[in-house]
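Residues per chain are reported as follows:
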Amino acid sequence: MEKQTKLTRRHFIALSVLGAGGMCLLSRCTNPPLSPWRFITTQESTLLDALVEQIIPTDEWPGGHDAGVTNFIDMQLTGPYTRYQETYRKGLQAIQETCKTKFQKRFEELPFEKQTQFLETMEAGKMEGKLWKNGLDRQFFRLIRDHSLQGFYGSPRHGGNKNNVSYKMMRLDYPVIIGQNRYNN
Amino acid sequence: MGNKHVNAIVVGAGAGGGIVAKELSVAGLSVVLFERGGWATYDDTDTDELKSQRTTVLGNAYGPDDLRYKRVIENQDGSTYTVLPSEGGYNNNAACVGSGTVSYGAMAWRFMQEDFKLQTTYGSIEGSTLADWPFTYEDLEPCYEKAEWEIGVAGDATQNPFGAPRNKPYPMPPFSHNKEAQLLYDAAKRLGYHPFPIPMLRNSVPYGGRPACIRMRTCCGYACPVNAKCGTQNTVIPIAIATGNCDLRINSVVSEINVNEQGKITGVTYFDEKNRKQTQTADLVVISCSATETARLLLNSKSKFFPNGIGNENDWVGRNLQGHAYTGAYGIFEDEVYDDLGPGASVAISDFNHHNPGIMGGGVLCNEFIRMPYSFTGIRPPGSASWGTDHKAFQRLNFKRVAQAVGPYQEIPSFEARVEVDPVVKDFWGIPVVRLSGSRHAKDIEGCRLMSEKAENWLKEAGAVQTWQSVGGGRGISGGQHQAGTCRMGNDPKTSVTDKYGRIHAVPNLFVADGSLNVNNGGFNPALTIMALGFRVGGYIASEWSKGNRFK
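Residue numbers (our numbering), protein chains in the order written: chain X, 1 to 185; chain L, 186 to 737.
Keep in mind the hints are simulated off the structure, nothing from the lab. Quick caveat, the model's predicted, so the values are computed rather than measured. Misleading hints may appear alongside valid ones.
Stated by the list, open to error - Heads up, simulated BS3-like pairs for lysine-lysine below, C-alpha to C-alpha not over 27 Å straight-line: (1) Lys-162/X with Lys-585/L; (2) Lys-168/X with Lys-364/L; (3) Lys-90/X with Lys-255/L.
With these hints in hand, go ahead and build the complete structure from the sequences.
Shown next as structure tokens:
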């Protein structure tokens with residue numbers, strides 16, 4: 001049941017994106033919104049990949065990127081987290097524009113440690129400039145952090161925690177105990 | 186297409202209402218039992234941590250939903266904001282048949298004798314509406330017993346020397362401890378405390394036609410896949426329906442209690458499952474919607490006879506909102522203490538429920554229910570990273586090494602902690618929503634500090650190599666799933682909302698039967714007390730009815 005609904009929703013979104021794209025062509029829109037994602041653009045997805053990898057970095061176990069956390073966030077942004085769409089759009093843009101001004105690079109092109117420092121500044125609420133006014137730095141950092149942790153440690157049915165990776169890492173499913181292993185994909 | 190007149194309407198099929206509906210329908214009254222949600226089943230969300238009743242970030246597993254419900258929170262400075270049911274500030278209780286009893290942790294506490302006479306025990310406290318209950322523990326004891334036997338409780342009362350006197354043992358033997366609980370049990374013994382198995386509304390052996398518990402790690406916050414957890418949805422409500430006298434109307438939202446031209450309560454207005462506005466008349470009405478929603482319904486029922494809402498002549502409806510300040514400590518052990526034997530919580534000490542010098546009340550301390558992986562991301566010693574490589578490594582290294590001792594501190598009742606209805610914001614059906622304001626009593630934190638210290642020492646004795654406290658009870662709104670107090674019982678109509686049987690003062694045929702009645706909320710999870718009150722109110726109505734009293 002669940003899978004069918006998802007497919008339908010995906011198709012629906014794909015169709016509406018095509019529709020919107022058509023309108024854009026007519027109005028000479030410069031940024032066609034065609035994207036394999038539900039809410040985020042392709043460009044935003046590479047940035048989100050880097051962000052979720054910062055929250056849960058790869059070590060001897062896969063990190064946020066490989067666990068599909070970006071997919072989790074994108075999925076929720078057209079579901080229970082629709083209310084955060086605007087903050088994501090603004091926050092992701094603010095990160096890229098700040099990186100462009102400061103480093104002449106996109107966030108995901110920065111070395112890993114530089115990315116970490118950048119996020120630490122956001123976490124501390126110390127970003128400067130108009131883009132970050134009203135506490136967007138702290139607020140958006142918290143969203144990214146909480147949503148990444150949810151995507152990595154929550155049920156795979158929501159689009160993250162691919163192959164139950166976090167459960168395996170925490171040795172939660174082994175040994176198998178009857179009646180306790182009900183993690184559906 | 187009017188609805189047929191019935192003897193009684195019960196609004197809310199939770200811990201209190203389910204029992205009242207059963208008591209009345211078994212006694213031969215015709216009953217309509219309204220429930221705003223539907224039937225919950227395990228397969229709706231099974232073990233999904235992010236959509237459970239414990240972690241609700243992607244929504245409440247068993248309602249209410251984010252699309253139709255909201256509430257308003259008033260900050261200390263008077264500013265307000267709107268919250269959704271999936272957000273913590275909402276102070277949610279489940280919207281389904283059985284309500285919280287479908288997905289609760291199912292601790293089955295009786296309050297203690299002192300809890301029924303806090304003012305006598307502790308004297309008056311500045312800034313508090315502390316009072317004695319209009320009856321004693323002994324008066325409620327038979328109702329506790331009914332709750333334990335009719336709903337089903339596993340435990341061993343002989344191991345708790347502080348437990349209130351009782352006439353009958355629990356119907357089922359206690360649960361065994363898992364590894365962590367056994368360590369804490371042994372440590373408590375060494376410290377001279379009196380550890381005992383937590384009484385649970387959960388089958389330790391087959392009972393009531395349902396099987397024994399299979400020790401899931403997901404239990405508190407989740408429905409049971411084998412129906413071993415005992416709630417009103419799998420005990421009293423089916424009995425009520427089987428009498429043929431009880432009509433359960435699910436997905437039906439009651440918006441107002443109706444009053445006729447003579448000022449008499451005639452029934453309720455509700456929105457049915459197709460959102461059509463309907464009327465149901467009855468001889469009497471019982472409200473069991475939880476402390477926030479019961480107060481809301483009374484306050485939303487305004488008429489020329491009740492300009493401030495029903496029962497609210499003296500501005501007491503919605504006052505004294507209490508929940509529990511959860512307070513305790515964490516410990517990291519060198520060896521793993523996790524053996525995956527759920528649901529986790531099984532050992533308790535009641536040594537600090539009362540008679541702590543300088544502190545009003547106290548609370549029970551227990552080991553905690555198993556934390557699922559996302560919940561565990563928030564459990565770190567002070568100063569730890571909340572993300573990144575170290576955070577991930579902690580998750581991996583310590584998930585099975587951390588134990589928590591924690592408990593519900595009995596909050597000091599505060600008149601300013603309250604439920605109102607918002608003058609502007611309405612829900613999907615156009616009904617004014619709950620507005621929460623006020624704060625816990627300033628002294629609550631002192632009791633919490635004491636309990637957290639005791640919890641930390643307990644963990645140290647059990648072998649924890651690193652410990653830290655998490656102290657609850659700070660200022661702010663209380664309520665949560667343990668919400669209580671907003672329609673206080675009392676003998677004086679000036680300082681209470683209902684009489685000692687839950688009847689609204691001066692209204693002959695309108696009753697309340699849920700945690701709203703609690704004068705104070707005990708140092709325990711309140712579910713069994715709400716059930717006992719359900720038996721008390723329901724039993725009183727049924728017995729009066731059989732004597733010919735029609736509550737006119």
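Results for each hint:
no.: 1; hint: Lys-162/X with Lys-585/L; verdict: holds, 22 Å
no.: 2; hint: Lys-168/X with Lys-364/L; verdict: holds, 21 Å
no.: 3; hint: Lys-90/X with Lys-255/L; verdict: holds, 26 Å
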